[in-house]
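Residue numbers (my numbering), protein chains in the order written: chain A, 1 to 290; chain B, 1 to 387; chain C, 1 to 313.
In case anyone wonders, no lab produced these hints; they're calculated from the structure.
Cβ atoms here follow ideal geometry from the backbone N, Cα and C, with glycine treated the same way.
Accuracy of the hints is not assured; some may be wrong.
Every beta carbon over 10 Å from chain B, so not counted as near; a handful from chain A, in silico [as the list claims (entries may be wrong)]: (1) Y24; (2) V31; (3) L35; (4) W72; (5) I212; (6) S217.
DSBU-like mimics (lysine-lysine), calculated; alpha carbons at most 30 Å apart, straight line [unchecked claim]: (7) B:K154 - A:K281; (8) A:K204 - C:K17; (9) A:K277 - B:K154; (10) B:K137 - B:K125; (11) C:K68 - A:K144; (12) A:K144 - C:K17; (13) B:K154 - A:K204; (14) A:K281 - B:K156; (15) C:K280 - A:K150.
One-letter residues, chain by chain:
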Amino acid sequence: MTIANSSRSRKAKAQLFILRVLAYLFIGILVAMCLFFFVMLLLMSSKSNSQLQGAFSLKWGGHFLENLHNAWNDASTNIPRGMVNSFIVAMSSALITTYFSALTAYGIHVYEFRFKRAIFTFIMAIMMIPAQVSAVGFIQLAYKFGLTNKLWLLILPGMAAPVVFFYMKQYLESVLPLEMVEAARIDGSSEFRIFNEVVLPIMKPAVAVQMIFSFVSSWNNYFMPSLLLTKPEKRTVPIMIAMLRSADYSKFDMGKVFMFILLAILPVMLVYAVLSKSIIKGVTSGSVKG
Amino acid sequence: MSEVKLVNIKKVYPVIERNKNKKNVNGHRTGNLQITDEGVVAVQEFSLDIADKEFIVLVGPSGCGKSTTLRMVAGLEEITSGELYIDGEYMNDVAPKDRDIAMVFQNYALYPHMTVYQNMAYSLKIQKASREEIDRKVREAAEILDITDYLDRKPKELSGGQRQRVAIGRAIVRHPKALLMDEPLSNLDAKLRNQMRAEIIKLRERINTTFIYVTHDQTEAMTLGDRIVVMKDGYIQQIATPQEVFDHPSNLFVAGFIGTPQMNFFDAELKLRDGDYWVDVEGASVRLADEKQERLKANHVEEQAVTLGVRPEHLLLADKGIAGKVTVSELMGSSRHLHLTVHGKDVIIIVPSTGGSGNYIGSEVALSFDGSNAHVFSKATEKNLEY
Amino acid sequence: MAESRRIKHRKTVSYAKWAYIFIIPFFVSYILFTLVPQLLTIYNSFFENYMNGLQQIGPNFVGLGNYKALLSPGQSGTIDILKYFGNTMALWILGAVPQFLIALMLAVIFTSARLNIKGQGLAKAIIYMPNLIMASAFSMLIFALFSKVGPINKYLVASGIIEQSFDFLTVKVSVRSLIALLNFLMWFGNTTIVLMAGIMGIDQSLFESAEIDGSNSIQVFFDITLPLLMPILSYALITSLIGGIQMFDVPQVLTNGRGTPNLTSTTVIMMLNNFLSGSKNYGRAGAVSVLLFIITGILSTIVYRMLAKQYKD
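Chain A on its own, in the form it takes in the complex:
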């Protein structure tokens, strides 16, 4: 009895060990795949154009700072200008999107009013309509009223962000008891002040997560900006990167190209390095609950 048991348990142990090894191997391969492109990018951005034209090598090129200098000072691409433009658009839309989504969610969550249900249903319904569907009319209007190359035209539409609204609404439901609002009313606070001084601080975690997500999606956005921003000094980073693609590669400094790419993704990667935990948490809490 005991002997049989111990041999069985040894077998089970060995089985589990093999399963574990396989699992780690599986995860390892996928992690390596994700890191591969990033590592390659870093490596390639350290090489001079001649090194890149020459034989393949995994050695550090040693021209990282030189490439950085060249890329940063490249007048035809003007990446610093692009990063400033991108930052203005991304930061402003992140602020506007989160603030107004939270405000809308609060308005619908806290108050009883006639069209409450209808309005909520409506916002849920428009949530999935792709942005491209309004693009034609949007572009046409922008050209008609001479609003191309206006960065604010990329920022203000962020006031109506159904997906962020939905996230905020769910968050409010889990953290804000109505008594808190009533307590503030009795304390003498005005409705607007209650939102700014009581509700918004309570929503800080949700606001932070959504600010990051809206910043990233705005920073990475290519479709609309590429159609609206035609002047070189108004271009955002994704447009500049996409334009590299049509350059003539026989004459182009490839080291610089890799450096441009690195610069384009670096800000988001730095934010991610610091806040990855809360970002990953935010991926699920908004979209689907268990």
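Fit chains B and C to the supplied structure of chain A, relying on the hints for placement.
For chains B and C alone, coordinates are given in the frame of chain A:
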């Protein structure tokens, strides 16, 4: 520090969704509430004069409309009809912040991102009080509630009892005209609840203001209130001092709701013999006390079948009387609760615990009661015939 | 009475007007920047309106002309929009199949108490990272690495795997594979995290009781995990499909907008982009958008139903 007057107050929750109304309206259970064309009537015919510095307790089972009434006084709910006056001022349409009232919520509703000090200072800050005044008032209130040591902590670092104190502190810090409390102790465990109840009695001596207190707990109602308002299904059942409610409950519901264990009820006959009222119950016959005789006579009550109510502590073991059989015996310490079966009905009596083993179970006993402790209720209206 | 003047009397203590004040900015913005453009898009789809060189043609009402033109065969004998829709779907499926299979496996591995995987936090952080990378930059990187003179080709030639440089961007299979690879890399981490949350939302005691009933891990997966995960899995699939239909950045940048080879990697949105950026063909672009709207509308309704159902619970 003011009078609060409610005149024929009514609250109707419009039924928003036709198919869902049965279950839930704004989180209130609709139970036996009246549903009219306008919606669910949560409170009606509510009239009450609250004197300056009076401690009024609204008590009743959940869904009776007591919280709704309090919230209408606070201005958190619209008053459907009727009038509300504070210090003679018509208040129906005044925003809560302009009513100069304070409120303590069941779940405390402390602002989680502010320290205890900031929580208490918030209302003063909004009133644009000077920093010195805020500091003085917050510290004064903190002193009264013994929370000075926690002023720099956030609510989540506090225990339930401490949060409760902060919630009260936030309410008293600005010396409101009336202090409204909505089930303030029901989130605490039994021991803390007893302690805080005593604290509230002490608090009342220190801050002189009008209290309106909502609870479902009759012990809190009896111990705290100058007068208590018993409510059921949106209607007031009785407004009286705790003693009066206990001694002369206005109807069957109040009689059963106030007092533990619950009052025992028997089917009985009210008889007139030689101009005196007697109750005949289960073979026993008891003459009502003189005080009750007068009240019944004043109402010209006729002979009739009644529901007789006698509190467990007023039913005595006797040689003869109502016959019953003991089924359960619970030792409560200084007393003993005996559960009896009388004619197939459950009856509870309280007897002194004599120290002996007291093996009562299975024994046949007889019960009697004094005519001053008998309550007679009309079978038809369930009203106390004394009224 | 002097007292009474200080107190502000209002019509009611109802707060409904604040709800409207708070939601107005959302709706003003929505109407101005989304609804009006959307209606204009639909309106446009019934008009001939484009630039021929520097000459403006239209707008002239053509009824369903734009739709007819879109849905009838071009010079090459194929219906372009159907071809592009087919491309889009092919590209989505190529990426989504491995994305969901691997995410499902990873989610099960990560949540398995028996395997008790260490270092999950770091692994999750790394596999989610590509989701945040700028799609156009990522595509540009892939292009630079895989181009005819890029490092990958250099390595393959140097190590003797192939004899001479292979132009990945001229062969249908390799272009589509690269796009699928990119989409896979960008999204499998996200899906893993969503599915993990789903699995962790399942009552743990169900797994335990199944094990006590004698199920092995594979049976537990198919009998317990998968059925209970179905709502979230299908939600994730449909949202992925809606995202897939809007595929643009990756093929656009990787093929420089040309959909090489032979327009086999041109997506519907790339077609829309071509109408908009070149000839400002608002009519044709409007018609493409309306068709797109109808397709995603159907899919969205399904998602909405699922969300609404979940929301009620």
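Structure-based check of all given hints:
| no. | hint | result |
| --- | --- | --- |
| 1 | Y24 | holds, 39 Å |
| 2 | V31 | holds, 37 Å |
| 3 | L35 | holds, 39 Å |
| 4 | W72 | holds, 41 Å |
| 5 | I212 | holds, 20 Å |
| 6 | S217 | holds, 28 Å |
| 7 | B:K154 - A:K281 | holds, 25 Å |
| 8 | A:K204 - C:K17 | holds, 26 Å |
| 9 | A:K277 - B:K154 | holds, 25 Å |
| 10 | B:K137 - B:K125 | holds, 12 Å |
| 11 | C:K68 - A:K144 | holds, 27 Å |
| 12 | A:K144 - C:K17 | violated, 36 Å |
| 13 | B:K154 - A:K204 | holds, 16 Å |
| 14 | A:K281 - B:K156 | holds, 22 Å |
| 15 | C:K280 - A:K150 | holds, 19 Å |
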